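Chemist: Listed here are the chains, written in short residue letters.
Protein chains: 2
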Amino acid sequence: GQEDTSRDHSLVFADLTPEEMVQVVRYLRENLRVPLVDASQAKPSDNCIYYIDVQLPTKAEVLLFLDGGVRPPRQALAVVYFGNQPDPNITEYVVGPLPSPKTHRDFTMQKYGGKLPFHRRPVTEKEYKDIDSFISEEFSKAEGFLQYCCDYDGTNLATLTTAPRGFQSGDRVTWFALFQKVYGSGLYVHPVGLEVLVNHSSLDVSQWRLSKVFYNGRYYGDMAQLQREFDQGHVSVVKVKKVSPEEEFGSLKPRAGPGAPGPFQYEPRGPRYSIQGNHVVFQAWSFAFGMDVNAGPRLFDIRFKGDRIVYELSLQEALALYGSNCPGGMVTRYMDGSFGIGKFTYELVRGVDCPYTATYLDRYYLIESETPRANKNSLCIFEHDAAVPLRRHYSNFQSLYYGGLTKSALVFRAISTIINYDYIWDFIFYQNGAIEVKVHATGYISSSFLYDTGIDYGNQVGERTLGTMHNHLVNYKVDLDVAGHKNSLVAQDMVFESVQAPWSPQHQIQRPRLTKKVLEKENQAAFPLHSNIPRYLHFASNQENRWKHQRSYRIQLVSFAGDHLPEVSSMERSISWARYKLAVTKRKEDEPRSTSIYNQNDPWKPTVAFADFVDNETITNEDLVAWISVGFLHVPHAEDIPNTVTVGNGIGFLLRPYNYFNEDPSRDSSDSVYFRAD
Amino acid sequence: GQEDTSRDHSLVFADLTPEEMVQVVRYLRENLRVPLVDASQAKPSDNCIYYIDVQLPTKAEVLLFLDGGVRPPRQALAVVYFGNQPDPNITEYVVGPLPSPKTHRDFTMQKYGGKLPFHRRPVTEKEYKDIDSFISEEFSKAEGFLQYCCDYDGTNLATLTTAPRGFQSGDRVTWFALFQKVYGSGLYVHPVGLEVLVNHSSLDVSQWRLSKVFYNGRYYGDMAQLQREFDQGHVSVVKVKKVSPEEEFGSLKPRAGPGAPGPFQYEPRGPRYSIQGNHVVFQAWSFAFGMDVNAGPRLFDIRFKGDRIVYELSLQEALALYGSNCPGGMVTRYMDGSFGIGKFTYELVRGVDCPYTATYLDRYYLIESETPRANKNSLCIFEHDAAVPLRRHYSNFQSLYYGGLTKSALVFRAISTIINYDYIWDFIFYQNGAIEVKVHATGYISSSFLYDTGIDYGNQVGERTLGTMHNHLVNYKVDLDVAGHKNSLVAQDMVFESVQAPWSPQHQIQRPRLTKKVLEKENQAAFPLHSNIPRYLHFASNQENRWKHQRSYRIQLVSFAGDHLPEVSSMERSISWARYKLAVTKRKEDEPRSTSIYNQNDPWKPTVAFADFVDNETITNEDLVAWISVGFLHVPHAEDIPNTVTVGNGIGFLLRPYNYFNEDPSRDSSDSVYFRAD
Ligand SMILES: [Ca+2]
Ligand SMILES: [Ca+2]
Ligand SMILES: [Ca+2]
Ligand SMILES: [Ca+2]
Ligand SMILES: [Cu+2]
Ligand SMILES: [Cu+2]
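Keeping their order, the protein sequence lines are chains S and X.
Converting from the first sequence to my numbering requires adding 2 to each position, the first position being numbered 1.
Converting from the second sequence to my numbering requires adding 2 to each position, the first position being numbered 1.
Keep in mind that the hints were calculated from the coordinates and are not lab data.
Being a predicted model, the structure only gives us computed values, none of them experimental.
Certain hints may be false.
[As the list claims (entries may be wrong)] If you want the footprint, here are the derived chain S segments under chain X, 3+ residues with CB under 8 Å:
| no. | stretch |
| --- | --- |
| 1 | 259-272 |
| 2 | 432-440 |
| 3 | 494-500 |
Glycine included, each C-beta is placed from N, C-alpha and C at the ideal position.
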């Protein structure tokens with residue numbers, strides 16, 4: 003039936019199954035004809051599979067298929083680190099067809115217009131482990147100092163990476179900050195004042211070097227120098243107070259025992275949505291979902307009453323850009339997509355992360371390993387009563403009646419824990435045809451060791467902890483297809499016009515009037531992060547509704563963003579999607595993402611620079627994509643301990659029907675309530 | 003005990019009881035020594051009691067009392083229309099002490115610095131009825147036309163008022179638009195194209211005149227002229243299609259029968275809040291509440307862990323400012339506070355307007371009557387699970403643990419139906435010490451008859467219905483008292499500074515830095531509606547938290563407002579609170595409200611002009627008040643039929659602790675969840 007077909011259609015967007023991953027690994031091992039080491043064991047000078055994910059067909063292929071045409075072949079993307087060859091590089095292969103691959107094709111050149119230099123590769127867990135070993139060895143040159151400052155016993159300090167890693171293309175020189183290794187609580191708020199700059203650019207681990215050491219406001223050439231100066235009494239030492247498991251500061255342990263439970267949700271007749279494979283149906287809504295191992299959650303073919311509204315709605319990047327007077331803090335511009343927003347969506351805790359009644363789904367990843375890993379219960383789907391009516395009117399004027407409807411919406415959620423921070427990714431579907439995309443930030447803040455003028459960069463939040471200010475910016479791709487894929491971007495706003503009252507010309511009226519403008523070029527449709535934006539912005543179609551208005555969807559943003567980076571910065575182009583709160587471009591198959599996982603480790607020569615997408619092409623009556631950046635300036639304060647709260651730290655956007663229908667489609671909801679007095 | 007004392011303290015803010023209202027009426031009838039007519043029957047040339055509400059003591063008196071001093075006398079405010087005297091005027095009396103009044107004092111001069119001219123008085127239901135009768139009589143001069151255009155039978159047309167009523171002080175000349183009188187559904191979307199301008203300024207009803215008639219784009223001197231031109235075939239008539247009770251357009255009647263119920267809230271151990279009188283306790287929160295008959299909901303003495311954070315948090319005004327090419331629409335600037343935001347908070351429907359489990363409370367009003375009226379179940383209070391964690395962190399880095407807390411918040415709600423529109427007023431209390439104030443707009447849109455270039459002012463939403471664009475603006479008073487009532491306003495924001503990397507001076511870093519500024523004068527603290535505002539704005543105290551930061555509360559706004567009115571407008575000063583998204587002023591007992599109920603009918607000589615409050619006084623270390631304006635530009639579209647939805651139409655602000663505590667107080671919540679692997 004219809005539903006079976008839809009479910010089957012959604013599979014074209016499905017993530018790889020563990021079986022498919024295994025097949026691709028098997029195929030590569032048999033066919034690459036090079037020695038491959040499992041990434042969890044691989045040295046930089048080895049070859050290894052970095053990750054495998056689904057390679058989606060082109061939109062043209064998919065649309066043909068959805069319209070009843072041929073099913074496109076199912077393919078995988080395999081990213082391989084070639085460290086063990088004369089010209090080390092990263093190669094991206096398309097492998098297919100699944101489930102039994104027969105071919106692989108190097109499409110690095112096609113996708114990026116050139117080879118991918120090896121220094122751009124994301125750092126693996128194995129590389130971090132090797133760096134930790136390296137640092138440990140270096141620490142042996144300052145045992146006395148470390149013992150004195152930090153009660154160092156060889157195991158009780160942890161490193162946290164920063165990024166980017168240097169100042170120019172080719173650098174792989176990273177500041178690592180040292181933290182007390184506390185158990186069961188966030189070490190992120192226990193800096194000890196020591197940071198070390200590691201040059202790990204060589205593929206030969208034995209060639210790695212400590213380039214610089216920072217301790218409590220001063221820089222040293224290496225650990226030995228720090229030890230010497232310490233021995234000479236030249237180092238101002240702040241002895242670390244050892245954090246015990248019972249330590250209160252930063253702990254998430256409840257102080258109060260459990261009390262009476264609060265309200266929770268109950269579904270008297272069970273769930274009202276259905277999930278089959280990666281296909282979700284809720285009232286008039288249906289969509290397909292997936293999880294990109296790096297970029298995170300993504301939805302496809304979002305339909306309302308059977309009509310596609312959005313082809314793709316996907317997270318692209320999450321950026322956190324810090325200030326500090328410590329070196330690690332001041333260079334930090336985390337591009338979380340390169341760390342893995344998808345693979346870091348861990349298990350959700352029933353009753354806290356999502357309601358008890360939610361449906362929890364597993365996801366599978368293959369990254370830095372040759373075997374798939376399951377993140378159990380890492381997606382949740384549930385219906386939620388917002389406890390405010392979606393609409394209501396109570397009348398006792400002329401006649402007594404009431405009509406209303408609860409705001410009961412479907413929520414699709416994943417939560418990524420990217421080291422210290424937790425991002426809650428929500429996609430919400432309302433009965434009126436609106437979609438809300440929302441991200442909340444929570445988890446532990448990053449911190450620096452507090453010294454000197456630290457509070458120019460944040461607030462003191464602990465004895466020696468500086469909660470460092472930063473800007474969160476999140477980018478989404480929204481390939482709206484409103485009543486077909488040929489759309490235009492229309493801006494509406496208000497102006498006041500001063501007019502004579504028609505019935506009393508000696509009097510002036512200041513009258514609001516609607517302004518309307520088609521934004522014809524990409525450059526007109528790229529709105530700087532802090533510019534005013536027209537109050538109404540629509541993806542408008544060529545179809546008209548019953549009242550002769552263009553059937554449209556409106557984009558409405560909620561953001562509290564700070565600035566992204568001055569364009570003079572040598573790395574700004576790598577995050578140039580953040581120049582714009584909204585940019586609408588002509589959709590291109592070769593502009594699938596606003597950034598790349600390779601931008602983090604070479605932001606000076608970005609693999610993908612979004613700014614290049616905005617090249618003033620004509621965007622009337624074209625297949626358009628909206629790229630949306632929302633964020634908030636976060637100045638951590640005492641109340642960010644133990645964790646940042648979601649209250650006030652939610653940002654996102656709405657896609658709302660605007661003359662798309664002839665009336666509010668929630669009229670068709672069976673949840674409507676109506677009564678009248680007569 | 004402590005709780006009894008708090009409950010008793012809250013009574014100082016309590017609304018009048020019906021018994022108290024009755025006593026004040028009795029006292030006035032016995033002591034005013036003038037003939038008084040019940041307002042529901044009173045002609046303009048009569049004297050009548052317009053309304054009676056509580057007259058709150060001064061803040062100084064209340065604070066003394068709350069600190070253990072003497073209880074201030076309980077008093078009422080009585081507003082009397084004196085139409086039946088040589089110098090007609092409105093007089094405001096303070097009557098007390100309750101429950102057995104012994105004195106009344108005319109404090110009009112003291113409060114307003116002059117007499118209140120009679121023409122400023124709000125229009126009563128009786129005056130509207132008399133106007134309807136007058137219009138009916140005038141309609142007899144155009145029976146043929148009305149029968150032809152509108153199937154007029156003397157009963158099937160309804161009038162809707164507009165406001166303001168003229169162009170200069172003293173005018174009382176109102177456009178009334180005619181709508182099909184439909185039953186059980188919103189007549190507001192059924193304009194017939196006819197509007198009439200009624201001069202009802204005379205206190206002698208027989209002197210009222212029809213000044214102008216508008217029909218389908220043309221103006222006529224009176225109904226007789228319209229009939230004459232109709233008879234001559236000069237009138238372009240659009241015959242009204244009679245709306246039957248089964249009519250779909252604009253109806254709230256469900257199309258689908260009830261289906262499986264959606265999720266709803268369940269309180270396994272009952273409510274976790276308590277309400278005694280007007281005193282609410284929820285976890286660490288307590289507050290007193292009341293409902294101003296005109297201005298609407300207000301909270302007092304909001305405390306967290308026993309410490310006052312807000313002295314007063316009160317709605318001030320809701321403005322809706324329209325554009326149209328019909329006369330009624332183009333002059334409309336509704337100031338809902340003069341219609342009665344409080345008295346129009348009607349019964350809430352269980353399970354739709356608030357959860358089934360909510361507590362519903364009655365309110366009593368005395369307005370346009372000599373007997374109190376109950377609005378049953380017109381306030382609701384409930385705890386709600388937002389279905390997103392308040393905070394959470396999942397760690398599998400270094401050690402495996404999880405901590406989290408559901409976002410379970412107390413909601414205090416009332417919904418005002420002001421003719422066509424429904425405003426949902428929410429005040430939300432979170433476990434982390436944050437308060438959220440939110441308003442959603444729903445209900446029926448206002449509309450004009452569609453002709454000619456109507457869509458310059460909105461969208462066509464029905465056969466002949468123009469959904470007219472308008473700007474919603476809502477003003478709140480927030481008398482924050484952060485750690486005492488002496489506060490200063492501090493702005494923090496980010497700038498980028500270009501610095502040499504300390505370890506590598508040949509390289510520049512673009513580093514975010516925190517800027518901090520005390521805003522010393524009122525003019526610096528008045529932020530124009532569409533200016534950029536510092537990203538962090540705090541009410542800061544003289545106390546420091548454990549980390550030596552000023553204990554503060556942050557104000558964070560969410561608004562999608564359009565412009566308010568050009569200042570050249572002769573009525574702009576009457577809504578000059580809307581010049582500012584946020585203005586912080588020195589608190590004054592004689593600046594209790596940002597507007598007045600008398601501004602609507604004489605906006606050209608506003609009784610209260612908020613702009614006068616902003617006179618550049620020093621605001622450091624003073625008792626400060628924040629006046630906050632939020633709104634949204636509303637361009638109605640097809641989906642506003644039948645009702646505007648709340649999705650995307652919510653605006654408001656947050657009051658968030660910022661270094662007020664030493665850590666997040668939600669750590670003390672017994673709802674916290676924590677576990678670790680070891
Ligand atoms: Ca382009
Ligand atoms: Ca598109
Ligand atoms: Ca002042
Ligand atoms: Ca104050
Ligand atoms: Cu943050
Ligand atoms: Cu509106």
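Chemist: State for each hint whether it applies.
Modeler: Here is how each hint holds up against the structure:
1. 259-272: holds (count 14)
2. 432-440: holds (count 5)
3. 494-500: holds (count 5)
Hint compliance for this structure: no hint is broken.
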